[in-house]
Amino acid sequence: MSFFRLAWCNVWRQPARSLACTLAVGMGASFYLIFTGSAAAFLEQFERMGRLLGAELVVHRSRATSPWSATLTAGEVVQLAAVEGVRRVHPVAIGRTDVLGDHFFMVFGLDPSAAMAAGLRQLDGRLPPPGAQEVAVGTFAARRLGLAVGGTFDLMGRRLAVVGVYRTGHSLLDHGAILPLGLAQELFNLGDHVSFVLAATREGVDPSRMAEDISAIYSGLEATTTDMWVSMYGQFQLARSFLHFLAVLCLVVAMVSVSAVLQLALLARAREYAILRALGWRRATVGVVIVAEVGVFAVLGALLAPLLGETLLLAVGPLRAESAGFVAPHVNLRLIPETLLATVAASPLGALLPAWRAVRLAPARTLRLP
Amino acid sequence: MIPEPPSLRRGVHLLARGLGRSFEGGLVPAVRRADLEVQPGEAVAIMGPTGCGKSTLLAMLALLEPPEVGELVLDGVPAARLGSGERVRRELVGIVFQFHYLLPHLSAAENVLLPLAGSALSAQQRRERVAELLHALGLEHRARTLAARLSGGERQLVALARALVNRPRLILADEPTGAVDSATGKLLLDHLFAPAGGGTPSIVLVTHDPAVAGRAHRVLPMRDGVLPA
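Those sequence lines, one after another, are chains E and C.
Residues 458 to 827, numbered by my numbering, are exactly what the first sequence covers, in order.
Residues 6 to 234, numbered by my numbering, are exactly what the second sequence covers, in order.
Isolated chain C, as found in the complex (with noise of 0.2 Å):
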């Protein structure tokens, strides 16, 4: 596992070489070949026309997708190293789905609470995390909302929230704003790239949208399966 910083959590050094990965037995090639290098604290926007392979790309740097070829390595120690991919993500890892994924039948603050379960933070420590994201993103007045009672916005700032709970390293977005208006959409992005509760996360954010590339250090293309070096 790589070791906590000991100041305030920066971002982690993530190197992607030569990834790939295809579906129905190799019928169907996703990512021909990924290479990626992003520095601690840096912001990588990805951009690139459906079905080019981002979204793969992106559960492969979270571990969800193990890379058929190529090589992870985080902060210099292979991912394969690194432990299994739950430990990852629930030490280093925050992520945002282009569709809020919260569970339904819990409150906004519940659907927060979930990447700590397990932690070793007390109860108390907990809901005081969740309640400075939540009033931080202005939705403290909706903590005990059961998430399918939330508006598409709500529901994507809590989603956001969600993945920031852990006080991530990385941050993996995945067309974050893509289901939002404009409003929500430009606070969620200032939340996503000076999250609260401090630290700098290295982000990788896969978007259409240039004005939302736009944000980051670097915008990288990717076409037909290959993102180059």
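Chain E on its own, in the form it takes in the complex (with noise of 0.2 Å):
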């Protein structure tokens, strides 16, 4: 009679209570997989914009915090223009404000390119070209706002007239607006500044050796990778940490229930382990017992969470497509393994105080009481 054999009986003796184990373990471990792809999510989304853009390179302010809190001098933009290798720049202004309760609303100034234009994945109407009073809105402004093509839109105490409706796949973009720069660099206060500059290499240049030129050229200026870009922004690797606590936080208390549970067993089990310690087992052979036996709901629970994941996904699907591809829509199957080992590395959370609990027992005592 191995321990864990043991653990196996003792998942099986009960049916209803184990299943109430691995379902809990299965939804935190299923909102582990949720979090951690929606954190990828969001990084691709970033990455996404670059792409769009068909840049290669961005260009910012050395260390600088945020895209929209640091700038480039218009004197730059041109230099970068001139770097031999640089096929095209697009300065890009970004500034945040108020929309109707949207404390985030994101306004993208920049002057679009026939690329960029082919990039959309949909557009009705057309993108405001350079010097107008015009404005492009997101798919999904548009809807929150009810604003179409032909409309307008009071932005910042200027009314604009919508010339298109755009979806890029991109969440800050589809929720928010793109100007000419000149009028975003006008209405943000930013003079000839912008907050970075996208830039596409020519074909044969490598870009990361591109990058390094940029910034061992021009001292006050970062050139990074589009997808390295992403990743130097403290927000959004700070975003990307909180969904990863709040994973690690829903297979806690996925545990901290298990441990609830097993410990309302131990009452009924008490005698059963006071029984093993009079056999001679030893007092970590009865603790691993309690420990295997929540390791058998991490797995299950780890098993069931891709299924639990597409269901919860299924069921918050109109908010999913608000998000415009923050949260995916289905579960992340590469993240599958990563979800098995995170949810049994868990489980000892969930065997710690009843395995606790069960090896301190006075055997004798426990084995009188009635």
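To be clear, the hints were calculated from the coordinates, so they are not data collected in a lab.
Some hints here could point you the wrong way.
Derived list of chain E stretches under chain C, where covered just means 3 residues or more per stretch with a C-beta under 8 Å from a C-beta of chain C [unchecked claim]: (1) 459-468; (2) 725-738.
One side only, chain C facing chain E, incomplete, derived with CB under 8 Å [unchecked claim]: (3) A64; (4) L69; (5) V82; (6) R94; (7) H110; (8) L111; (9) L119.
Bear in mind that the values here come from a model prediction, so they are computed numbers and not experimental data.
From the three backbone atoms N, C-alpha and C, an ideal C-beta is built for every residue, glycine too.
Dock chain to chain to rebuild the complex, using the hints, since each chain is given by itself in its own frame.
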């Protein structure tokens, strides 16, 4: 009789209790899957923005803490455009404002290229050309604010003609608006400054090498590949870390639930653990039986997690659409091994208290109880 | 640890000097003074009224309860120097309780296997040993039956098999026939005093029944927590 066999028997002796524990772990693990998947999707959103503009490089102020707090001068933009190997530059001005309760309405000032227009997933109308007093709004912003092509949008005290409704698949863009670069600079008092510059390189040029060259030539500027750029901003990292924290928290809550259920079971099993001790089982072995039992719940729960996760995502379908990709439409199958490992790694949390109480039972006294 | 005798496992020499134990911070004296010597292979029955401290004495002999006073010596080695109580019970002692205390969700064979967890025996050897005991007790056909589905007598016989499976050198039995019919009680005592697998364990038996006590080599009276030398 091995401790694992005993743990396995304990799992099956009370099917309803075990099902509840497995479902609790499964829910925790499914939330882990969803949150870690969303963290990945969150970063992918910003990578997608770079790709949308056909840019391989992002040039920004050194040691910038966020895209909208740092600025580059017009002179620096011109210098960057003249760098050998740079095919095209897209200066971008970003601003944040309040629009009808949305405190994080993002305004993107950029002069669209044909490549960018082609990169949009959907466009009704057109993008505003340089110098125009016009705006294109994201599909989610248009829906929320009741805007359509041909209408007007009062933005920061300026009445702008809505000339386009677009969808990029990028959450911030689709919840915000695109203005001509000059208009955005004016509205956000940037003068001739921009937030950052997206640069497309010529064919055959290594973007990583080019980024190193630009950073070396222009002190005060830093160039990174678009993929790297995303990971540089502490706020993005913070958001990702927060999602990971939520993911781990869900596992912890699930394990605490299992711990509570097992402590109730311990009341009924106290005499059995006392018997094992009386038969010469070590305290540690009795503890391992309980750890193994929670381990079984962890594995079963983690295996159930993709199914539960899909069900949850289906249930929050309308909300997911609003998130425009921040919440993945399906669970990320590549994250299943990580979820299984994380769930099993968290399982001792669920076993800790019941195991501690079980090994502290005094066998003789417990067996004397009526 | 007491070394294994070279021959078939013989009983242990047990010496208890002035053992005492109380509960509730000394308010409830369970065993005032117990003096006991058991020779290797000897069977000793302790008789006394309910509440005289017999079971507490047995728990102290099994190292389940530490004595507050006195000394327990096994084969000349003080119990305090024998290592953990678990190890002594695992390697040296077999306990038969008044109530069977089987794990109801395990089969009869699995219950008998429990004391062998962590033993050096191979899985095959363990199975053979369990099968041998269940066969000797006439329970081989019940080996795979869950303990919860066994009759009261069968459960107590399985509990005896569990106590004997590690071939103990000291058997401690607390009213082993108290909850079974006379036929099962006789079968149980036959196997307790002549265990399958051979060997001559020392036995300390607690009972109310003079007939059961009569199977032992010596009968000692215990009263009001005192077991005189």
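Against which earlier hints does the structure fall short, listed by number upward? As far as the earlier hints go, only 5 is violated by this structure.
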